[in-house]
Amino acid sequence: MTAKLVQLTVNGREEHIAADGLISLQQVLREKLDYNTVKDGCTQGGCGACSVLVDGELALACLLPVSRLEGAEITTLEGLNESNSAGVIQESFVEHSAAQCGFCTSGMIISAKALLDENPTPSRDDIMEAISGNLCRCTGYLPIIEAVQSAAGKLAKGGDGE
Amino acid sequence: MAKKRGTGMAAVSYPIGMHLGGDPTGALVHATSGGNFVVAMSSVDLGQGLKTVMAQIAAEALGVPLDTVIIDTGDTDTGPHCSGTGASRTTHRAGNAVIAAAKEARSAMLDVAAEMLEVSAADLETDGKGNIHVAGVEEKSVSVAETVQAGTFQFGKTIAGRGLFLVPKSPQDPETGESDPHSTQAHACTVAEVEVDTESGEVEVLSLKSAYEIGRQINPELVKGQIVGGAWMAIGHTLCETTAPYYPTTEHAPLDFLNYGMTGVAEMPEVECELLEFPSPSGPFGAKGVGEMVANSPIPAIVNAINNALDLDISDIPVTPEVILRALDAQAAGAD
Numbered sequence: 001m002t003a004k005l006v007q008l009t010v011n012g013r014e015e016h017i018a019a020d021g022l023i024s025l026q027q028v029l030r031e032k033l034d035y036n037t038v039k040d041g042c043t044q045g046g047c048g049a050c051s052v053l054v055d056g057e058l059a060l061a062c063l064l065p066v067s068r069l070e071g072a073e074i075t076t077l078e079g080l081n082e083s084n085s086a087g088v089i090q091e092s093f094v095e096h097s098a099a100q101c102g103f104c105t106s107g108m109i110i111s112a113k114a115l116l117d118e119n120p121t122p123s124r125d126d127i128m129e130a131i132s133g134n135l136c137r138c139t140g141y142l143p144i145i146e147a148v149q150s151a152a153g154k155l156a157k158g159g160d161g162e
Numbered sequence: 001m002a003k004k005r006g007t008g009m010a011a012v013s014y015p016i017g018m019h020l021g022g023d024p025t026g027a028l029v030h031a032t033s034g035g036n037f038v039v040a041m042s043s044v045d046l047g048q049g050l051k052t053v054m055a056q057i058a059a060e061a062l063g064v065p066l067d068t069v070i071i072d073t074g075d076t077d078t079g080p081h082c083s084g085t086g087a088s089r090t091t092h093r094a095g096n097a098v099i100a101a102a103k104e105a106r107s108a109m110l111d112v113a114a115e116m117l118e119v120s121a122a123d124l125e126t127d128g129k130g131n132i133h134v135a136g137v138e139e140k141s142v143s144v145a146e147t148v149q150a151g152t153f154q155f156g157k158t159i160a161g162r163g164l165f166l167v168p169k170s171p172q173d174p175e176t177g178e179s180d181p182h183s184t185q186a187h188a189c190t191v192a193e194v195e196v197d198t199e200s201g202e203v204e205v206l207s208l209k210s211a212y213e214i215g216r217q218i219n220p221e222l223v224k225g226q227i228v229g230g231a232w233m234a235i236g237h238t239l240c241e242t243t244a245p246y247y248p249t250t251e252h253a254p255l256d257f258l259n260y261g262m263t264g265v266a267e268m269p270e271v272e273c274e275l276l277e278f279p280s281p282s283g284p285f286g287a288k289g290v291g292e293m294v295a296n297s298p299i300p301a302i303v304n305a306i307n308n309a310l311d312l313d314i315s316d317i318p319v320t321p322e323v324i325l326r327a328l329d330a331q332a333a334g335a336d
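These protein sequences, in sequence, are chains A and B. Taking this note's numbering as reference, the numbering of the first sequence is continuous, increasing by one, and the terminal residue is 162. Taking this note's numbering as reference, the numbering of the second sequence is continuous, increasing by one, and the terminal residue is 336.
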């Protein structure tokens with residue numbers, strides 16, 4: 001099979017990827033480009049640990065063949081560190097002890113970021129729905145819900161994570 | 001067909017750690033030339049906060065600031081022995097080893113400071129902020145960092161300590177079953193409320209209210225994290241999780257997250273817990289342990305609540321909708 005050359009923008013940087021067959025966005029981000037927040041969890045869309053933003057929309061990187069992403073803009077947690085709302089979400093995760101082993105955390109924060117971009121004043125049910133595709137084996141979810149609620153409150157007050 | 005509610009209770013007495021083959025864990029503490037203290041061990045931080053708890057214990061026993069303690073762990077090729085991070089044992093076992101190592105290192109540190117200040121080491125105190133001073137004479141002091149450097153460059157003394165905590169082997173007497181399992185015991189009691197749909201067999205856990213007695217809490221925020229996480233894991237184990245749904249055969253064994261049923265965020269009820277602290281005489285600063293045991297009382301409490309709601313006597317987990325519907329069918333057949 002011949003490789004197809006695909007151009008992506010990852011966290012603002014232009015990348016040219018030789019995409020063989022069904023190689024996934026998760027494999028490219030983690031193994032070729034060293035974005036280690038994109039976890040290799042189940043590789044079948046069942047755990048949410050590889051969540052990223054593709055053109056601003058929440059996506060599971062393990063289910064996306066790179067060959068179909070020509071021209072796409074990809075954002076991983078590494079790319080969000082400098083933007084304001086992700087910093088506030090991270091701070092809230094720390095304050096509410098919403099991370100234990102940390103394996104789900106980057107996917108959780110990406111899902112929370114996608115939610116808050118679309119709905120700055122989510123209800124508890126909205127938050128539960130937004131993170132329902134992200135498995136966490138440690139926390140029992142309650143601290144994560146609290147962290148996202150708290151981040152939403154801070155962002156509504158104009159917090160910029162500085 | 002209806003939705004029926006029930007309440008169930010269960011209590012556990014949990015012996016911390018293992019004993020049948022002996023249960024040792026070690027720690028080594030040494031000062032760096034920069035004035036920090038490294039605690040070398042092999043117990044693992046898998047998210048429960050072991051590094052935080054061990055750093056708190058080491059800082060307290062050394063008498064130095066928390067942020068000057070570095071926990072170096074996770075590699076059994078290079079660290080002192082740990083019998084395993086499990087059985088709710090690590091706070092108790094490794095904590096005791098860290099205290100022993102830290103005490104020996106503290107003693108070596110105070111010996112050097114005593115030479116520097118030309119006083120007896122027995123008269124020295126630490127302020128926990130990085131200074132050592134003569135008791136009652138705070139101006140007669142040296143910093144911990146200066147002391148460590150003097151130990152290295154002036155006096156040629158290593159500031160370090162060894163700790164090994166061993167709960168000895170206590171095999172069961174084959175005649176009587178007698179053994180000594182409890183170096184220390186933690187306790188928990190959970191009350192569960194459930195609602196069962198008798199048509200679908202589905203169970204909703206409405207609330208889990210627990211009391212825990214785990215000795216002194218070294219870090220209450222981390223304790224709460226264990227209890228809430230354990231409550232969720234218990235709901236999954238009770239209602240759906242199994243690696244062998246047709247045990248003892250392995251047929252239909254789930255091999256991935258799509259087929260291994262876990263309850264999700266929406267199934268998580270509010271979890272309330274009260275902590276009672278009866279310090280353990282054998283524990284590090286009175287601590288016992290709170291790890292594995294956090295799933296132990298919620299599971300039977302939820303099963304008892306289901307039995308209470310439906311007047312059944314289920315005693316195996318998971319209590320899936322299939323199990324409930326078959327039990328209700330048998331109950332109806334028995335009543336005919």
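Simulated from the structure, these hints should not be mistaken for lab results. There's no promise every hint is true.
In the DMTMM-like style, the derived pairs of lysine to aspartate or glutamate whose C-alpha atoms are separated by at most 25 Å in a straight line are [to be verified]: (1) Lys103/B to Asp67/B; (2) Lys209/B to Glu95/A; (3) Lys154/A to Asp67/B; (4) Lys51/B to Asp125/A; (5) Lys209/B to Glu91/A; (6) Lys3/B to Glu146/A; (7) Lys209/B to Asp311/B; (8) Lys224/B to Glu91/A; (9) Lys3/B to Glu31/A; (10) Lys157/A to Asp125/A; (11) Lys140/B to Asp180/B.
What follows is a list of derived Cβ distance ranges for each label pair [said to hold, decoys possible]: (12) Pro168/B to Arg124/A: 47 to 53 Å; (13) Arg124/A to Ser200/B: 21 to 27 Å; (14) Leu206/B to Gly158/A: 34 to 40 Å.
Note that the Cβ used here is the ideal one computed from N, Cα and C, for glycine as well.
How the hints compare with the structure:
1. Lys103/B to Asp67/B: 18 Å, holds
2. Lys209/B to Glu95/A: Since the Cα atoms of Lys209/B and Glu95/A sit roughly 24 Å apart, the hinted pair holds (cutoff 25 Å).
3. Lys154/A to Asp67/B: Cα-Cα ~29 Å, so violated.
4. Lys51/B to Asp125/A: 34 Å, violated
5. Lys209/B to Glu91/A: 29 Å, violated
6. Lys3/B to Glu146/A: Measuring from Cα to Cα gives roughly 30 Å; hence the hint is violated.
7. Lys209/B to Asp311/B: 22 Å, holds
8. Lys224/B to Glu91/A: Judged against 25 Å, a Cα distance of about 19 Å means the pair holds.
9. Lys3/B to Glu31/A: Outside the cut-off at roughly 50 Å; violated.
10. Lys157/A to Asp125/A: 21 Å, holds
11. Lys140/B to Asp180/B: Violated. Lys140/B to Asp180/B sits at ~49 Å, over the 25 Å cutoff.
12. Pro168/B to Arg124/A: 47 to 53 Å: Cβ of Pro168/B to Cβ of Arg124/A: about 51 Å, so the range 47 to 53 Å holds.
13. Arg124/A to Ser200/B: 21 to 27 Å: 25 Å, holds
14. Leu206/B to Gly158/A: 34 to 40 Å: Because 38 Å falls inside the window, the suggested range holds.
In this structure, the hints that do not hold are numbers 3, 4, 5, 6, 9 and 11, in rising order.
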